[in-house]
Amino acid sequence: MNRRAAALLAALAAALVLLPAVASSYVLSVATLILFFAYTGQAWNVMMGFAGQLSLGHSLYVGVAAYAAAGLFFHFGIGPWAGVWLAILLCVALGAAIGFLAFRFGISGVYFALLTIAFAEFTRIGFDHIDWLGGPGGLFIKVEQREHLDLINLRGPPQMFYYVMLALTAGAFALCAWLLRSRAGYYWQAIREDEQAAQALGINTFRWKMLAVILSSALTALAGVFYAFYYNNLFPEQTFHISRSIEIILGPVIGGVGTLFGPILGAAVLTILADAITEALAALGIEIPGVKQVFYGVVLLVVVMFLPHGIWPALARKLGLEGRS
Amino acid sequence: MPIDLVANVVIAGVLTGLVYGLMALGLSVILGVVRVVNFAHGEMMTIAMYAAVVLFTTLQLDPFLAIVPVATAFFVFGYLLQSGLINPFITRPEHSQFMLLVAVAIIMVNALLMIFGPDARSVQVDYQLESFAIGPLLFDKARVYASTAAVMASAALFAFFRFTRTGKAIRACADNYLGAKVVGLDVKRYYALTFGIGSACVAVAGCLMVLLVDVSPALGPAYTLLAFVIVIVGGLGSMAGALLGGVLIGVSEALAGLFIQPSAKSMFSFALLILVLLLRPQGLLGKRP
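Quick note, the sequences are listed as chains A and B, same order. The opening position of the first sequence corresponds to residue 25 in the working numbering, with each subsequent residue numbered one higher. The opening position of the second sequence corresponds to residue 1335 in the working numbering, with each subsequent residue numbered one higher.
No lab work stands behind these hints: they were computed from the structure. None of the values given here were measured: they were computed from a predicted structure. Don't take each hint at face value.
Derived list of chain A stretches under chain B, where covered just means 3 residues or more per stretch with a C-beta under 8 Å from a C-beta of chain B [to be verified]: (1) 46–60; (2) 127–134; (3) 145–153; (4) 317–329.
We put the CB at the ideal spot given by N, CA and C, even for glycine.
Please model the entire structure based on the sequences and the hints provided.
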């Protein structure tokens, strides 16, 4: 990162910290959503962008973590700070199981992606039949003390959710920046570029791929807990659906797979564009389901065709942010 | 539970499964030759189903007759999709191709949602309510006709790949990309042809399926996953495997609907997929790579 990029990053961080002071509640909710997708995109990026393992089932981790924390809170009144550990534990166990099965049995590429979809879909239908967690009718957390700040139970005004998500995103960004320059980061990139060559150089590819999956699922678990307490309602149909997984990966794919800023930029571009189009359609009095998603699809198509490495690498070159100081 | 009820459910599952098999055959051909994962396969299936519904409601065209125009249109569409959109991606990394087709799939399913709305549509023909009876066993007429047509289409496809020069050329492209180029085959044109043929398969399957189930846009992603499950269970590159996989999935869905809950039926398909991926990744009838 050169000096120019560092200055830009500092300015961005300052603007994000100060945003709630000036923003309306609408802008704040959009910003929270952007941060949510930036964070989950960053978590997915550890697996695909760094280690080259394509997961199309990240809704599994979001959903399981959300249900774990929400279930504990709903039934036993156990708050999210305790529930998050169970969520992480479950997600890590799931990620490790999927990774172990896939990597031990030599499943890679598209087949690995299909395996992740299969696990997510299996879980989605399974949760439809768990009555203890509400089944298809959904699980609802009581919405109370909206104005009063209660950090212990993660109940509070929108500003609190915004800052929680901002802290998570900043933390994930710092972690990924460190990871990319660490031994693990270099091993992952070697595996991503050529697994056989990496193995020939003596890298234990199984162990490092496992680490990527476990880390990615643990990071995603945090997002799931946030999701549960931010939205206060969970439905298997929505939480685990494959379109959720695709939503998670759209940000990094559009922003730039494997880059640090890609997931953030992609999430911002997509969320703002989608919101703008919803607003524009509402202003025109058009209300047809599916318009927003068609638009998503077209943006994705255009980016994949003309900017195969995403927006960020092209933008960074334009702005002269590349190269190290 | 009475045994004849179980037998009738299994029969319905086998007959529906053959139509699933034809749908999966289209995916198998595309995946086996072009080596591109057609993530929009189920969405194309639902478009074909809607086409059959529209032709039926506007022109009173029987879905069996609708096969001709719909399959022709799909062949052209598939040919153009491959030559215009996918061929430039042949040398790109796998995930890049995948994202391209995810984009196509998202556009298709939501375009259907915009045009037709979320409600289910169907066709009503008189033979849907009739059945052949052999002793205590009942064979739905619509299912019998549809599965017969599916088997005939599969046989035609099989003969095409086995006996025609074009079919052999396509298999050469699948076996060895470089070798096919060396002997002077226009590989990209054959790829486009293959995508067209795979699309036509799915069009036929869609016209037949509309006789058996109601169609809604949400079916698209579900069929995509179903087609993948069938192809992987049956074995990549094996045409008989696709049909066998279709029948297996059809029967397992039918039995799960009978013994457990209809809503849990696809859980078994995914469990089957996970098992096959782990224990026999080449599929039941596939060759070891």
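Do the hints match the structure? See the list:
no. : hint    : result
1   : 46–60   : violated (count 0)
2   : 127–134 : holds (count 5)
3   : 145–153 : holds (count 6)
4   : 317–329 : holds (count 9)
Going through the hint list in order, the structure does not satisfy hint 1, though it satisfies all others.
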